[in-house]
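Novice: Position chain B against the provided structure of chain A, taking the given hints into account.
2 protein chains.
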Amino acid sequence: MNILRYIKSGLLLALAIAITVSCKEKESRETVTSSNSGHPGLVLTQQGVKAIRANLGSIPIFDTSLAATKAEIDAEMENGIEVPVPKDYSGGYTHERHKRNLLVLQKAGVLYQILEDETYAKYVKDMLFEYARLYPTWPVHPKPRSYARGKIFWQCLNDSNWLVYTSQAYDCIYNYLTEEERNTLETDLFRPFADFISKENPQFFNRVHNHSTWGNVAVGMIALAMDDDSLLQRALYGVKDVNLDANMKDNDGGYINRDGKVGFFANLDEPFSPDGYYTEGPYYQRYASYPFLIFAQALQNKKPELKAFQYKDSVLLKSVTALINLSDADGEFFLLNDAQKGMSYYARSLVSAVDIGYHFGGNNPELLSIAEKQGKVTLDDAGLAVALGIKDGKAQPFSKKSIELSDGPNGDQGAVGILRSGDLELVYKYTAHGLSHGHFDKLSYALFDEGDEVVQDYGLARFVNIEQKGGGNYLKENKTWAKQTVAHNTLVQNETSHFEGKYDIGSQHHSETYIFSVEDENLQVASAKENNAYPGTQFHRTMVAIKDKDYDNPYVLDIMRVTSETSNQYDLPFYYLGQIMQTSFEYSKLEVPEVLGKKNGYQHLYRDADATADGGNVRLNWLLNNKFYSYTATTSNKDEIIFGRIGANDPEFNLRNEPTLILRKKNVKEALFVSVIESHGTYSPVSEFAVNAYSNIKNLAVVHDSKAYSAVRIEMNNGKQNLFIISNENNDANNEHNLSIEDKNHTWKGPYTLINLN
Amino acid sequence: MNILRYIKSGLLLALAIAITVSCKEKESRETVTSSNSGHPGLVLTQQGVKAIRANLGSIPIFDTSLAATKAEIDAEMENGIEVPVPKDYSGGYTHERHKRNLLVLQKAGVLYQILEDETYAKYVKDMLFEYARLYPTWPVHPKPRSYARGKIFWQCLNDSNWLVYTSQAYDCIYNYLTEEERNTLETDLFRPFADFISKENPQFFNRVHNHSTWGNVAVGMIALAMDDDSLLQRALYGVKDVNLDANMKDNDGGYINRDGKVGFFANLDEPFSPDGYYTEGPYYQRYASYPFLIFAQALQNKKPELKAFQYKDSVLLKSVTALINLSDADGEFFLLNDAQKGMSYYARSLVSAVDIGYHFGGNNPELLSIAEKQGKVTLDDAGLAVALGIKDGKAQPFSKKSIELSDGPNGDQGAVGILRSGDLELVYKYTAHGLSHGHFDKLSYALFDEGDEVVQDYGLARFVNIEQKGGGNYLKENKTWAKQTVAHNTLVQNETSHFEGKYDIGSQHHSETYIFSVEDENLQVASAKENNAYPGTQFHRTMVAIKDKDYDNPYVLDIMRVTSETSNQYDLPFYYLGQIMQTSFEYSKLEVPEVLGKKNGYQHLYRDADATADGGNVRLNWLLNNKFYSYTATTSNKDEIIFGRIGANDPEFNLRNEPTLILRKKNVKEALFVSVIESHGTYSPVSEFAVNAYSNIKNLAVVHDSKAYSAVRIEMNNGKQNLFIISNENNDANNEHNLSIEDKNHTWKGPYTLINLN
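Chain order of the listed sequences is A and B.
Convert by adding 2 to the 1-based position in the first sequence; the result is the number in my numbering.
Convert by adding 2 to the 1-based position in the second sequence; the result is the number in my numbering.
These are calculated hints, taken from the structure and not from any lab test.
Computed from a predicted model, the values in this text were never measured in an experiment.
It cannot be assumed that every hint is accurate.
Which copy? The list can't say, so a pair holds if one copy fits it or any two copies do.
As the list claims (entries may be wrong) - Pairs of lysine-lysine residues, derived as BS3-like cross-links and limited to a Cα-Cα distance of at most 27 angstroms, are as follows:
#1 LYS343 to LYS504
#2 LYS504 to LYS601
#3 LYS478 to LYS101
#4 LYS591 to LYS481
#5 LYS551 to LYS72
#6 LYS403 to LYS375
#7 LYS591 to LYS478
#8 LYS601 to LYS591
#9 LYS124 to LYS52
#10 LYS251 to LYS478
#11 LYS145 to LYS251
#12 LYS700 to LYS89
#13 LYS700 to LYS145
#14 LYS671 to LYS549
This is chain A alone, in the form it adopts within the complex (with noise of 0.2 angstroms):
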């Protein structure tokens, strides 16, 4: 199977190392044909420190990077060694502790090599062996949540991580070394350090996960800095001979191994598609990318003929352009799937990922504005580039514009569409499950204004290494609340997730995409179906974003249709942040709040306040951030509208009590949701002067609804008439239609069309 793999995507050379590891993992050092030896090697290079002492003094962003990291290593080495007993869960002091310490450690090593001052080879070299004094000493983990327990930490993922940035300062101070005191490091602490996370936790090495591919470059790390080219093979191939049970998951609920694919390669083989999207979505891929990017980075210079970073079309390089697509105007990540707000291309993984991005991926002038925003760069050889490419001049702005991203091996698993119009940034996400930290959320969006997020995705329910929250792991609400399908802004039918909120089936199946036309910045489309969320049930969701140039913010459409075999409540979500200033119809608070149902999600929900729809459009205005908005919605007779608040049936305060607005109809086989949000005016609590406070919009109307097509006539409060209609079964670009609306009759090409009717 992975052979095959292999001929096909076309690397003939892998296709060698593949057969030789199939005849068993042999513990030899000729089964790669080429190496290039010598210390620096993996990523500070011997050429790369030349380079770099020559330039100092005249890289201002290097020379900043660099007095940054050697003040901070000065001050840690004034505080001497610590290798505590391995004790805590992240956020506890032994986990942090450690944690520290690898940082440390790569980091004295470059400053060794960069300063040529022993002081750092020294501390490098003393807490090395401290820790193989100590390593040989330590039973598994005392925590007992992991699947997989690492010695150091709790999970042998953290561990992983140690020896990431272990492997780089061992390289570093590798020549500083005699030949004895290396026997001794690799002896008592790399080679059982590379065994136990790999042979000794097969669950953990063997699989496709951002767990295993920190496993996996943990082990090739190593085995690069120790010119090891047969435990190199196990980095690249996983371990041999495991037979792993194919229903085995780990504690979030993820399978281990279905399919049987292991190693580096499939790593980045399964999770990326050919757009450099990753599965788990870009929290998890900012996470992943500094052990995907790093080992590249490695390989080229160690093992350059086996082109780790043209792999696949080139999907590293993509990955970095793609995550930085899928980032807000402040450069924070969208949030999909599980993702902790906040975390942005700032991290240090994307300092790493933008820097190595640039050197080895051709030098795109965009990723200099980049690192030019993140105001740091690597202290190696990409690090450099970066610097002089910046001292140069050439740094010229990243844009971001609409863009869809495919998700699936081989980019055919749905997608994620991006909508960006003017401040607006609207993410639409149709994709597959995304692994064993993806959300039941199909046809799922998030809005975004000028950075801030207005219509928002929950996120995860974990603080992450805050222990107090329960060590700062992911908590109960995460599986109960943030997973389920009401905790989006998407369709729930009867009060039930999609695919029953079971990952088993979830992740059989994927959404599609039926239409992603932005080529008009006035009228961009990505259109949407799901037709497995319910068996017999299809969601079909629209999303437009329409600039008028009467108004100074652009508005989006959202059509969400269902068709079903069978009568159902269906309920619409719309999670709104901000304080309500008005809505266009009477609610009644209810005198204390109400838990909104019993399971999936509707349990962590308070009914505040509720209302009847009479057919017309309901219409909620609010204050968020100093800016008005609206949401304007069609509706049928009797409709129900309820006020929602997350934080029900949560004994330790563990969500977030913010508000949603839930659109239901009960009984109905078939409906369509229609609904225009704005971004309309503001308000300045300094001038005290609120501009554009209502919403533009006098009417929203759906004037055609049939298997072939939908038809929403939107008037604006200035008279003007715009008609939007989509073919719903046609997407073919070139194909004519002609529909007959309140007598009139319109013609155009194509799946949709917006018609100015006045």
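Specialist: For chain B alone, coordinates are given in the frame of chain A:
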């Protein structure tokens, strides 16, 4: 009465005027002894205009301010003149248009003077003539809500705003107009306008209130512009021969006029303390400061013999620096009494205040740095002085220190104490009531960290000028919630508000300063007493900012001592902002929230969860803006702990759903509430590092509490133990004390001490 006051204040010149005026208000122009005639002469002066023109192009902050104003006004002029028939409340179209017009008029007048371009003069003239044509045709404004309805706006207050600005515009184009044109404007517009807001609305004009300040100044400014000294008398000393019912109230529940004080100087006497603190608080001071200062400036220019700036020991000049000291690290004003969050020294009126304060107040170079932050100056003599000061490099940082600002006309009605330590700013309120905008919040406080409010004052319940929220006016929840005691961080007895929530009672009392001592920056103490909030009950609250070199941040010790003749229930709410991370005690979250009470603000609080104390410490650890905070409080056995949330009985979602923690002691006569608030750690969502996530306090214990002394032992996790002792009855700085606690004898001098027990 008035005459005596003026004699006492030494303003002899005013005496002559007052005597003249006391013999009825004569409509003659001979009353005032001297007058600097010539136009412009109010704010811009003829000499000022010459100097400005001479410096243009070489005074950057002035030049950019001028360019911005020119661009703004040129754009307005493109749109033509619009003077709509008055119709709306604030936030509505006609309100906002007229508000815009008054600013535009003033600015266009200035542009005419500076740029010598008659286009601007013509524009001002045309718009004024449009007003002169229409004003006589307008009845009283159709919206009925105000106790003093205007003609252009729904209240005379806004009409007065209009005239304050328009007078300046008139002054600027005075010489551009023919005498006949001036006669038309004065006869058809300005005199009837001035009469309407004064003679026809004495309940508005003849009082001590920010409303009447605007009214007085409006009349005074147009009087100066028209060189009408008798009208000026009306501005300075009120409309004569008016008998208002002493019990008449305005819409906010404030008395119109209880003691007969009227006119500009009375408005200056009453609300300002000798320290320049304005009794309504900084939010309204910001609003009132413009008319006070602009009129003082105009008086200084036109009637220097009145020495307006020297009045009451230069109180107006002091008020400028007082106001800046009442802002947080970001320049946002502390929330004292009715106040909307976000108002700051970036407000337009503060640009005037800073420039005037600099120009007429001795060129304090610290004000220049505030002007630099504001990034603009007024386009007049004062703005020129600031621009030249900045250009000459004279700016110095405005150093905000711990400061106590007395309240009351004579400075003997309590005070606001501000403790600044590290990045913390503690605002402790022990003032008088604050006129009709006062809250029932004796001895309340709020805490800021790096400019972010951490322990909040709710502020007002209003969305100023946001029409969809009650016309942008005060909401009923301002009275039922925001003013009530339980909405504040202070003690509530028996679920009733201070002074029964009655303004009549509250306005007769004030708290008393006990200690304000900030010489030792590591140990700053503000202590005050309140004996009238509940008859028979005394509060004594001491707030201490302690900076310990072992920790990055200072911490706040709060000792609230209550004694009463009767047994009561005492509630002490703590309005932390942010998300709960951990508590040191078990609590049970309710299945659904309950409403906490029936009235006095309690009807607006939900009870989310509760717990019963065991007599040890209770700790709340929370996260806000990526910082970790802890609140550690002593308890008695069976004290109740209530987790509350704002938002009950809020049928229109007017309130913010923010949390509180209430400590409740039942059926006790005396009680001591002791707590420590720490800002001890940080979190980065980018690095995902949590640093110092836990409190540094091991234990907090009351080790002595008697009529004479209270003593608290603070034990830190590092073993350090400090003992804070306060004398409850003797605040003499020179008194020697001797007290034995836990078998140790302690002696010290002055009302408090902090003793290291290690």
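Novice: For each hint, tell me whether it holds in the structure or not.
Specialist: We went through each hint and held it up to the structure:
1. In this homomeric assembly, LYS343 and LYS504 come within 27 angstroms of each other (Cα to Cα) only inside a single copy, at 25 angstroms, whereas the closest approach across copies is 46 angstroms.
2. Within a single copy, LYS504 and LYS601 get their C-alpha atoms as close as 14 angstroms, which meets the 27 angstroms cut-off; across copies the closest is 48 angstroms, which misses it.
3. In this assembly of identical chains, the alpha carbons of LYS478 and LYS101 lie at most 27 angstroms apart only when taken from the same copy (25 angstroms versus 54 angstroms across copies).
4. Proximity of LYS591 and LYS481 under a CA criterion of 27 angstroms is satisfied inter-copy only: 20 angstroms between copies versus 30 angstroms inside one chain copy.
5. In this homomeric assembly, LYS551 and LYS72 come within 27 angstroms of each other (Cα to Cα) only across copies, at 26 angstroms, whereas the closest approach inside a single copy is 53 angstroms.
6. For the identical chains of this complex, LYS403 and LYS375 are intra-copy neighbours only, at 19 angstroms inside a copy versus 35 angstroms across copies, given an alpha-carbon limit of 27 angstroms.
7. Proximity of LYS591 to LYS478 under the C-alpha cut-off of 27 angstroms is restricted to the inter-copy arrangement: shortest distance 16 angstroms between copies versus 30 angstroms within a copy.
8. Proximity of LYS601 to LYS591 under the C-alpha cut-off of 27 angstroms is found in both arrangements, the shortest distances being 23 angstroms within a copy and 18 angstroms between copies.
9. In the homo-oligomer, the alpha carbons of LYS124 and LYS52 lie at most 27 angstroms apart inside one protomer (21 angstroms), although the nearest pairing across protomers, at 72 angstroms, exceeds that limit.
10. Taking the closest pair of Cα atoms, LYS251 and LYS478 come within 27 angstroms of each other only inside a single copy of the chain (17 angstroms); across copies the shortest separation is 56 angstroms, beyond that limit.
11. Within a single copy, LYS145 and LYS251 get their C-alpha atoms as close as 19 angstroms, which meets the 27 angstroms cut-off; across copies the closest is 68 angstroms, which misses it.
12. Taking the closest pair of Cα atoms, LYS700 and LYS89 come within 27 angstroms of each other only across two copies (22 angstroms); inside a single copy the shortest separation is 62 angstroms, beyond that limit.
13. In the homo-oligomer, the alpha carbons of LYS700 and LYS145 lie at most 27 angstroms apart only across protomers (26 angstroms), although the nearest pairing inside one protomer, at 60 angstroms, exceeds that limit.
14. For the identical chains of this complex, LYS671 and LYS549 are neighbours neither inside a copy (34 angstroms) nor across copies (67 angstroms), given an alpha-carbon limit of 27 angstroms.
Checked against the numbered hints given earlier, the structure breaks only hint 14 and satisfies all the rest.
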